[in-house]
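If you're matching them up, the sequences are chains A and B in order. Taking the numbering used here, the leading residue of the first sequence gets 8, the next gets one more, and so forth. Taking the numbering used here, the leading residue of the second sequence gets 8, the next gets one more, and so forth.
If you're looking for bench data, these hints aren't it; they were derived computationally from the structure. Incorrect hints may appear among the rest.
A pair holds if it fits inside one copy or across any two, identical chains being indistinguishable in the list.
Stated by the list, open to error - List of simulated lysine-lysine pairs, DSS-like, C-alpha gap at most 25 angstroms:
1. K497 to K133
2. K112 to K515
3. K459 to K474
4. K505 to K112
5. K459 to K293
6. K153 to K224
7. K108 to K459
8. K390 to K312
9. K160 to K224
There are 2 protein chains.
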Amino acid sequence: MYRSHNCGELRETHQNSEVTLSGWVQTVRDKGFVIWADLRDRYGITQLIFDEERSSEEIMDIARSLGREFVVQIKGTVLDRSSKNPNIPTGNVEVLVSEIKILNKSITPPFTIEDQTDGGEDIRMKYRYLDIRRNPVKNNLIFRHKVAMEVRKYLSDQDFIEVETPYLIKSTPEGARDFVVPSRMNQGQFYALPQSPQTFKQLLMVGGMDKYFQIVKCFRDEDLRADRQPEFTQIDCEMAFVEQEDILNVFEGLTRHLLQEIKGITLEKFPRMTYDDAMRKYGNDKPDIRFGMEFGELNAVAQHKDFGIFNDAELVVGIAVPGAAAYTRKEIDALVNWVRRPQVGAKGMVYAKYNEDGSFKSSVDKFFDQEDLAKWAIATGAKPGDLICVLSGDANKTRTQLSALRMELAERLGLRNKEEFAPLWVIDFPLLELDEETGRFHAMHHPFTSPKPGQMALLDTDPGAVKANAYDLVLNGNEIGGGSIRIHDKQMQSTMFKHLGFTPEEAKAQFGFLMDAFQYGAPPHGGLAFGLDRLVAILGGQETIRDFIAFPKNNSGRDVMIDAPAAIDPEQLKELNLKLAIKS
Amino acid sequence: MYRSHNCGELRETHQNSEVTLSGWVQTVRDKGFVIWADLRDRYGITQLIFDEERSSEEIMDIARSLGREFVVQIKGTVLDRSSKNPNIPTGNVEVLVSEIKILNKSITPPFTIEDQTDGGEDIRMKYRYLDIRRNPVKNNLIFRHKVAMEVRKYLSDQDFIEVETPYLIKSTPEGARDFVVPSRMNQGQFYALPQSPQTFKQLLMVGGMDKYFQIVKCFRDEDLRADRQPEFTQIDCEMAFVEQEDILNVFEGLTRHLLQEIKGITLEKFPRMTYDDAMRKYGNDKPDIRFGMEFGELNAVAQHKDFGIFNDAELVVGIAVPGAAAYTRKEIDALVNWVRRPQVGAKGMVYAKYNEDGSFKSSVDKFFDQEDLAKWAIATGAKPGDLICVLSGDANKTRTQLSALRMELAERLGLRNKEEFAPLWVIDFPLLELDEETGRFHAMHHPFTSPKPGQMALLDTDPGAVKANAYDLVLNGNEIGGGSIRIHDKQMQSTMFKHLGFTPEEAKAQFGFLMDAFQYGAPPHGGLAFGLDRLVAILGGQETIRDFIAFPKNNSGRDVMIDAPAAIDPEQLKELNLKLAIKS
Chain A
8 MYRSHNCGEL RETHQNSEVT LSGWVQTVRD KGFVIWADLR DRYGITQLIF
58 DEERSSEEIM DIARSLGREF VVQIKGTVLD RSSKNPNIPT GNVEVLVSEI
108 KILNKSITPP FTIEDQTDGG EDIRMKYRYL DIRRNPVKNN LIFRHKVAME
158 VRKYLSDQDF IEVETPYLIK STPEGARDFV VPSRMNQGQF YALPQSPQTF
208 KQLLMVGGMD KYFQIVKCFR DEDLRADRQP EFTQIDCEMA FVEQEDILNV
258 FEGLTRHLLQ EIKGITLEKF PRMTYDDAMR KYGNDKPDIR FGMEFGELNA
308 VAQHKDFGIF NDAELVVGIA VPGAAAYTRK EIDALVNWVR RPQVGAKGMV
358 YAKYNEDGSF KSSVDKFFDQ EDLAKWAIAT GAKPGDLICV LSGDANKTRT
408 QLSALRMELA ERLGLRNKEE FAPLWVIDFP LLELDEETGR FHAMHHPFTS
458 PKPGQMALLD TDPGAVKANA YDLVLNGNEI GGGSIRIHDK QMQSTMFKHL
508 GFTPEEAKAQ FGFLMDAFQY GAPPHGGLAF GLDRLVAILG GQETIRDFIA
558 FPKNNSGRDV MIDAPAAIDP EQLKELNLKL AIKS
Chain B
8 MYRSHNCGEL RETHQNSEVT LSGWVQTVRD KGFVIWADLR DRYGITQLIF
58 DEERSSEEIM DIARSLGREF VVQIKGTVLD RSSKNPNIPT GNVEVLVSEI
108 KILNKSITPP FTIEDQTDGG EDIRMKYRYL DIRRNPVKNN LIFRHKVAME
158 VRKYLSDQDF IEVETPYLIK STPEGARDFV VPSRMNQGQF YALPQSPQTF
208 KQLLMVGGMD KYFQIVKCFR DEDLRADRQP EFTQIDCEMA FVEQEDILNV
258 FEGLTRHLLQ EIKGITLEKF PRMTYDDAMR KYGNDKPDIR FGMEFGELNA
308 VAQHKDFGIF NDAELVVGIA VPGAAAYTRK EIDALVNWVR RPQVGAKGMV
358 YAKYNEDGSF KSSVDKFFDQ EDLAKWAIAT GAKPGDLICV LSGDANKTRT
408 QLSALRMELA ERLGLRNKEE FAPLWVIDFP LLELDEETGR FHAMHHPFTS
458 PKPGQMALLD TDPGAVKANA YDLVLNGNEI GGGSIRIHDK QMQSTMFKHL
508 GFTPEEAKAQ FGFLMDAFQY GAPPHGGLAF GLDRLVAILG GQETIRDFIA
558 FPKNNSGRDV MIDAPAAIDP EQLKELNLKL AIKS
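Chain A extracted, bound-state conformation (with noise of 0.2 angstroms):
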């Protein structure tokens, strides 16, 4: 038996019990004839005490020749302590160490095995098994463990069925890019890796499986944004017989579970607001609604003027900064720079001090008057002492805009609190939005979503108008996951198809099993996907995912500590009946 307690568990009700520790040393301090090292294992961290007293000469050379990291097990008394360490639950205790075993050495890690340590994200991930032997990502894996296991209670508890859907299917060049495995045993053929188990979810229902769920990897073959991989895990979902405000309960009910159980945060009911308003006042659809700034839109009172900026643009709108009129002309000229920035690619900032005496001092006093500018304060909802910056432009591209400014200055302002959580369903997503590039319109979710009842029609005649029983959760300026009611009809899912650019053969080629399945009695359903890496981390206050996977890949795709993907034996392509096009 390697242990009778772990490193965490000693209190001093167990003085003068004989124990059995195991662990790696995290430091050890040698006072000549007192040595301290502390030993350490997931649970904690326990002093050990030799001295030369009343340890054996034997006891005190290996105590002499630890090392950081080093694996021992030791046999002692627990022993009560005269220097007490509050910060930890066994620093009251220290053992007296009787036997010690080395178990496996180290040599110098890389970093410090510290909850502040000195190495980079890269070394870090080299050595990902030594990074997680730190606190905070081994409490992040942790964490991470307790949340999949409530969603998993909650969901089963309310009589929802985990099936595994596979991982081998078959390619569908359309959403995002595939991962493919060539096929051995049906040469030239592929499997892809799935990018969600849509398909198969919709196939459980119309199997009669009702309530499904699945903790479940996805692939997608992108070229990597920051924060994004090519392996992630869903929380899936999917329900028969709904309609959107069942599945809307539902998960407001998961949620609402996992802030009470993990966070100990008790929420009402979730806000809601249409695609259209979260884009018209904050310009994004996943607004952080911990703060306030609602976009003012100032069209009615800035266009009656001689500013030519503002007259030739389709959308005047601008935020009030609480607080930020005492900005001095060197920090807005900063806001102005941040926002000229090709990130942000706005043309300028116009502003208006909302000064503590109620007068105004804007830049662009020349063509509006204190008149005016009150009525933007109206607008903007912005009171003395505030900021109000506004943009103007392509109303689109200004709204992006000034939602990056509205997000910057919230941080600056530390209006982002991760200890509070601001849930909000966003919820009538245009079914289509326009590819600029191609002029051609693609599913905004994916093809299986379904318009809203009468919509159909417009379908031939402003698609980018048509709205689909689709929404997505967002918690904190984060979209959480999202979702739809799809089609279930074999006629209405063929003409989508038509719509989104698939001739008939393409369609039947890759969907041809889910329009079949559609003609032996399909039930109404829909569902939705949680991303748990994003999920978790925003629930552990974190903004960064890869703090919650234990083994992620870089921003190349790579896994750099066991160095993947890499070259494979060449026989292994042949019995694939493949070949390299251009040899590496």
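With the hints as your guide, set chain B onto chain A.
Coordinates of chain B only, in the frame set by chain A:
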């Protein structure tokens, strides 16, 4: 709202209440003036009634138009039923329909959606979404969910953390064949899908994660034997600071918990048997111990006469078949033919009837007298009324043949009771096994298994004799899972790779990250993996895992429902820098 109740819910207590139900039409019985229909969903069946006196003309017309598997929503009143059906929980009531809406029609399904269907395996797989509507399949999937939930609950309660390990890893061409995934972002390089998370779970141990589990998909590109799947699910576990005994106790506890919670069966401590004993007593490393028929070795009592076949044999071995002394000559001849089948491969079979009167009658009475045969009876444990079946020849082959005969006879005699559960730990497996084709030794489990203490030296002199800290859990003659104590010392791991025929360069290229990790304080660790598909099937009292997988693949690795694998767009291949070696 599509339903106020489900179709398995209504009882006499609901009488006279107004309900809304949705589901599939199972059957319609049209008596002209009255029509009954069974409405089915995941939860059960409720009888609907329509009659000319109480239902409108319009509703009667719709009722008459209903076909099998139509999806309908009805409103109605719960009534006491005149002819009760005691076979279903809702059998005391029926619902008089006041409103009905056809939600979706169905064409005639290709097989009947009944417990006993008229559909063969192939058609049921092609229309798996219809097969899943059938109770046996649906119940298997729900059963699987329950088992998986209990596994998670049990392990989580014991402080195990479920950690997701990556699916896109690196190919290691030893073991079985990997599925590979070409990387677009790293051209000419490939990921591999994991055959198991073996190295990652060991790295988690190095990372201090101490008690890990995961219910996880694994992948093997093997030529599929019956009842194998290219993707399968493991309950994968690993623990640090443990000895074999600790691991056996935890997973014996898990198995006992499952049998208790799922089957209501309380089991005592599981018996254990060494690999050598299992081979000697049952000719099999996964013996079914629900019944006896242990092997009796007869060399000492059968090689002293002039019977050359026995005298030339390395091993003479028999079993006592209970109550089979009464077999006719014809029945015994059939047995002899059975062991001679190429799948079994015995040259012949000697038998001795131990008659109820205590006398013996054998096929070798010319050579052996009553006294000899009485010794055979003692060696095989035969009692009056039994039949002793004896095979001889090369020891290993003969044991395998007799094991096959033992299982066949048990099946015929009804000794393999599906409601009885007889677990068995088989321990002390050999570390290596000889590949008879190449004459080389392979790791019997995998290259990370540690030899028994003090046996490293034997590797040079008698590799086949080295025993490992490796164990399997056997349940009713099936291997449920297995595992081992791992090597955690870099030097020993490197020696092991050498003995398995890796050059130092190969070992470094493929497992360098693991050996590197062992330098930084790797703790002693070990673990095991259960096959979830098999475990669920056996707990469910069935033999084929396919029946417990929602969307299984066939023996050619094809998903016949979605028709995968399939050719992909040439553009996709080009992006991956691949071409087909031989055009298909």
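Here is how each hint holds up against the structure:
1. K497 to K133: between (50 angstroms within a copy, 18 angstroms between copies)
2. K112 to K515: Intra 61 angstroms, inter 20 angstroms, cutoff 25 angstroms: inter-copy only.
3. K459 to K474: within (6 angstroms within a copy, 67 angstroms between copies)
4. K505 to K112: Between copies, since 23 angstroms is at most 25 angstroms while 65 angstroms is not.
5. K459 to K293: within (21 angstroms within a copy, 58 angstroms between copies)
6. K153 to K224: Classified as both: same-chain Cα gap 18 angstroms, cross-chain 21 angstroms, threshold 25 angstroms.
7. K108 to K459: between (70 angstroms within a copy, 20 angstroms between copies)
8. K390 to K312: The answer is within: 24 angstroms in one copy meets 25 angstroms, while 113 angstroms across copies does not.
9. K160 to K224: For K160 and K224, the Cα distance is within 25 angstroms both inside one copy (19 angstroms) and across copies (21 angstroms).
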